[in-house]
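> Sequence:
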Amino acid sequence: MATLKQARPRRDLLQPRLSKGAIDNAQHVMEKSVWRFIDLLDRHRSHSEIIDLSLAYRCVTSDVLLGYAFHSPLEALDYPRFNYPPAVHMDAAIMTSFLAKNFHLLFTLVWNLASCLPRPWLKYLGISFIFDIQDHCEKLILDLKQRKQDDQLLYPTMLDMLMDPDQEKFGPPLPMRDLVSEATVLLSAGNTAPSLTLTLGTFYALNNRHVLETLQDELSHAIPDKRKLPPLDTLRQLPYLTGIIKESLRFSLGAPGKLPRITPDEGAFLCGRRIPPKTSISLSHWVYHFDPTIFPDPKTFRPERWVNDQKGELDRYMLSFSRGSRSCIGINLAYAELYLLFAAFFTNFRPVLRGTREEDMEIRDYFAPVCKGRLKVSLGV
Numbered sequence: 178m179a180t181l182k183q184a185r186p187r188r189d190l191l192q193p194r195l196s197k198g199a200i201d202n203a204q205h206v207m208e209k210s211v212w213r214f215i216d217l218l219d220r221h222r223s224h225s226e227i228i229d230l231s232l233a234y235r236c237v238t239s240d241v242l243l244g245y246a247f248h249s250p251l252e253a254l255d256y257p258r259f260n261y262p263p264a265v266h267m268d269a270a271i272m273t274s275f276l277a278k279n280f281h282l283l284f285t286l287v288w289n290l291a292s293c294l295p296r297p298w299l300k301y302l303g304i305s306f307i308f309d310i311q312d313h314c315e316k317l318i319l320d321l322k323q324r325k326q327d328d329q330l331l332y333p334t335m336l337d338m339l340m341d342p343d344q345e346k347f348g349p350p351l352p353m354r355d356l357v358s359e360a361t362v363l364l365s366a367g368n369t370a371p372s373l374t375l376t377l378g379t380f381y382a383l384n385n386r387h388v389l390e391t392l393q394d395e396l397s398h399a400i401p402d403k404r405k406l407p408p409l410d411t412l413r414q415l416p417y418l419t420g421i422i423k424e425s426l427r428f429s430l431g432a433p434g435k436l437p438r439i440t441p442d443e444g445a446f447l448c449g450r451r452i453p454p455k456t457s458i459s460l461s462h463w464v465y466h467f468d469p470t471i472f473p474d475p476k477t478f479r480p481e482r483w484v485n486d487q488k489g490e491l492d493r494y495m496l497s498f499s500r501g502s503r504s505c506i507g508i509n510l511a512y513a514e515l516y517l518l519f520a521a522f523f524t525n526f527r528p529v530l531r532g533t534r535e536e537d538m539e540i541r542d543y544f545a546p547v548c549k550g551r552l553k554v555s556l557g558v
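Residue numbers (this note's numbering): 178 to 558.
Honestly, the hints are just simulated from the structure, not real lab data.
Be careful, since some hints might not be right.
[Stated by the list, open to error] Here are the simulated lysine-lysine pairs, DSSO-like style, with alpha carbons at most 30 Å apart: (1) Lys325 to Lys346; (2) Lys300 to Lys549; (3) Lys300 to Lys553; (4) Lys549 to Lys476; (5) Lys435 to Lys549; (6) Lys476 to Lys553; (7) Lys476 to Lys488; (8) Lys549 to Lys405; (9) Lys197 to Lys405; (10) Lys403 to Lys197; (11) Lys278 to Lys316.
[As the list claims (entries may be wrong)] DEER-style ranges, computed between Cβ atoms: (12) Lys455 to Asp201: 35 to 45 Å; (13) Ser196 to Asp355: 19 to 29 Å; (14) Ser225 to Gly449: 53 to 63 Å; (15) Lys455 to Arg500: 13 to 23 Å; (16) Ser292 to Pro453: 37 to 47 Å; (17) Pro350 to Ser196: 17 to 27 Å; (18) Ile471 to Lys197: 24 to 34 Å; (19) Ser461 to Met353: 33 to 43 Å; (20) Arg413 to Pro262: 45 to 55 Å.
Just so you know, even glycine gets a beta-carbon here, dropped at the ideal spot from N, CA and C.
Using the sequences provided together with the hints, build the complete structure.
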């Protein structure tokens, strides 16, 4: 959707299912995936076994999303060694979206041609994963429709609201093609950003003994029973865990490149200058997140900067979810995933890095951020 006028009704339709209250009420739903994830990791608890935690995080965030947004049976975590196809191929899909953004006409031509080719040919060419993800989303929608018909849904899902909206407010139900597009965006955005944030936060915690010990000390006092997480409201009150999450978000950026924006009819004041109405400008999250005048020593992972920010002044410069009318609609769900997964993981394990270096965590800009390497750990005994 190119304009705010087009996007707003769709956003308003989905917003109730993504409010903080709705997310908090569904904590038990999300925890099903969280504890399944912890149990799977526990089976790999040995010094000799190395786990690709980048891939594992993608699987669990996929299942948290599928469980909440689609009422889908757990699926991503069922794959051996976390080789869930959409998770495995997500980096390649992100790189493809980068090409689509910058070479739109050429990409559209190639896409239309590829759509006509047999699936074995696409697999041979190495691009079948794009259509596999779409097929997976279509399967989710058909399954959701069947369960709705069988009256097996406990509450309306996000896609259910798109399939059966209040037509006076939001127009007719979306056709299957648009539903698949929405599901694809939900699945990709809903696991890519949180899993990257988890990956970066875990690496920097493991790479700094003081950070790791401070976090685990706080969690041990707040969570005496390792198998029982407190309510999200309680987790949000933990200062160092919150600092870890916010610093991880600062490093993960959200969108590392320049995002285009157009100033409103009355114009705008930016950086002390008046910008005329309808002027195309760009916004870079990286510039803000790594500005040393805002975040001293910006390339150092320092959760304390958020712990000591009692007035919340640094929050003004946190752009990982963007701001305003185009801000990320899933911010509450993302924060819930981060609190639950960081808390459960660092309460139950004391991992050790296995060959992952700081340069592996460098971000590459493909419109969405992609890590240069993978986070690999062993979980100890």
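> Now, for every hint given, state plainly whether the structure supports it.
Hint check results:
no. : hint                         : result
1   : Lys325 to Lys346             : 22 Å, holds
2   : Lys300 to Lys549             : 25 Å, holds
3   : Lys300 to Lys553             : 28 Å, holds
4   : Lys549 to Lys476             : 16 Å, holds
5   : Lys435 to Lys549             : 20 Å, holds
6   : Lys476 to Lys553             : 22 Å, holds
7   : Lys476 to Lys488             : 23 Å, holds
8   : Lys549 to Lys405             : 35 Å, violated
9   : Lys197 to Lys405             : 21 Å, holds
10  : Lys403 to Lys197             : 25 Å, holds
11  : Lys278 to Lys316             : 27 Å, holds
12  : Lys455 to Asp201: 35 to 45 Å : 40 Å, holds
13  : Ser196 to Asp355: 19 to 29 Å : 23 Å, holds
14  : Ser225 to Gly449: 53 to 63 Å : 58 Å, holds
15  : Lys455 to Arg500: 13 to 23 Å : 19 Å, holds
16  : Ser292 to Pro453: 37 to 47 Å : 42 Å, holds
17  : Pro350 to Ser196: 17 to 27 Å : 22 Å, holds
18  : Ile471 to Lys197: 24 to 34 Å : 26 Å, holds
19  : Ser461 to Met353: 33 to 43 Å : 37 Å, holds
20  : Arg413 to Pro262: 45 to 55 Å : 34 Å, violated
Figure legend: structure checked against the earlier numbered hints; hints not met, in rising order: 8, 20.
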